[in-house]
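Chemist: To convert, count from 1 in the sequence shown and add 6; that's my numbering.
Note that these hints are calculated values from the structure, not bench results.
For every residue, glycine included, the Cβ atom is placed at its ideal position computed from N, Cα and C.
Careful, some of the hints might be misleading.
Taking lysine to aspartate or glutamate and the EDC-like style, the derived pairs with C-alpha atoms no more than 16 Å apart in a straight line are [what the hints assert, rightly or not]: (1) Lys64 - Glu124; (2) Lys143 - Glu110; (3) Lys64 - Glu33; (4) Lys143 - Asp63; (5) Lys143 - Asp99; (6) Lys130 - Asp12.
Label-pair restraints from in silico Cβ distances [what the hints assert, rightly or not]: (7) Phe88 - Glu124: 29 to 35 Å; (8) Pro127 - Pro77: 32 to 38 Å; (9) Asn35 - Glu120: 20 to 26 Å.
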Amino acid sequence: MFTQDDFSYIPIRSKSYNLFYKVNFDEDNPEKTVKQCFSVLYDYGVFLYAVYLVLVDKNGYAQDGCYWYHPDMNSPDPRDHFEGVYFQDGFDDPDWIAIVTERENLEYTEKACERFLEIHPDNKYRELIAYMLDFAKKEINDRVLSE
Numbered sequence: 007m008f009t010q011d012d013f014s015y016i017p018i019r020s021k022s023y024n025l026f027y028k029v030n031f032d033e034d035n036p037e038k039t040v041k042q043c044f045s046v047l048y049d050y051g052v053f054l055y056a057v058y059l060v061l062v063d064k065n066g067y068a069q070d071g072c073y074w075y076h077p078d079m080n081s082p083d084p085r086d087h088f089e090g091v092y093f094q095d096g097f098d099d100p101d102w103i104a105i106v107t108e109r110e111n112l113e114y115t116e117k118a119c120e121r122f123l124e125i126h127p128d129n130k131y132r133e134l135i136a137y138m139l140d141f142a143k144k145e146i147n148d149r150v151l152s153e
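All chains should be built: construct the whole structure from the sequences, respecting the hints.
Modeler: Given below as structure tokens:
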């Protein structure tokens, strides 16, 4: 059984951040940026917490140059005004910035969660991930129905 405040896991360490996904640096965006961000978050041991913040809290997460967040239309910074979900790896390199739709964000996150469960097949993670993904799917479907 999972609890919503237990996001802990021990990442399997590698010599690079590419354990989570094999990132092809010649790949186009948003693929390379999203994969690299998920790899960084996994390696730092914050992947599940970041997924919760983005999918359930509709907030965001930043870790050492890796950014994953929703727009903030009240922010004085015009870079925070956009449609969709923002991913960035590094510091202001346009080649490592991607903005995807909510649905694309959910699809990428589902793939990343599937990979996480291959590495950590424990049931407590399955339940937590199912909860977060179901929450996000319902929210997207409810929004589509109300439009």
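Chemist: Give me the numbers of the hints this structure contradicts, sorted from smallest to largest.
Modeler: 1, 3 and 5
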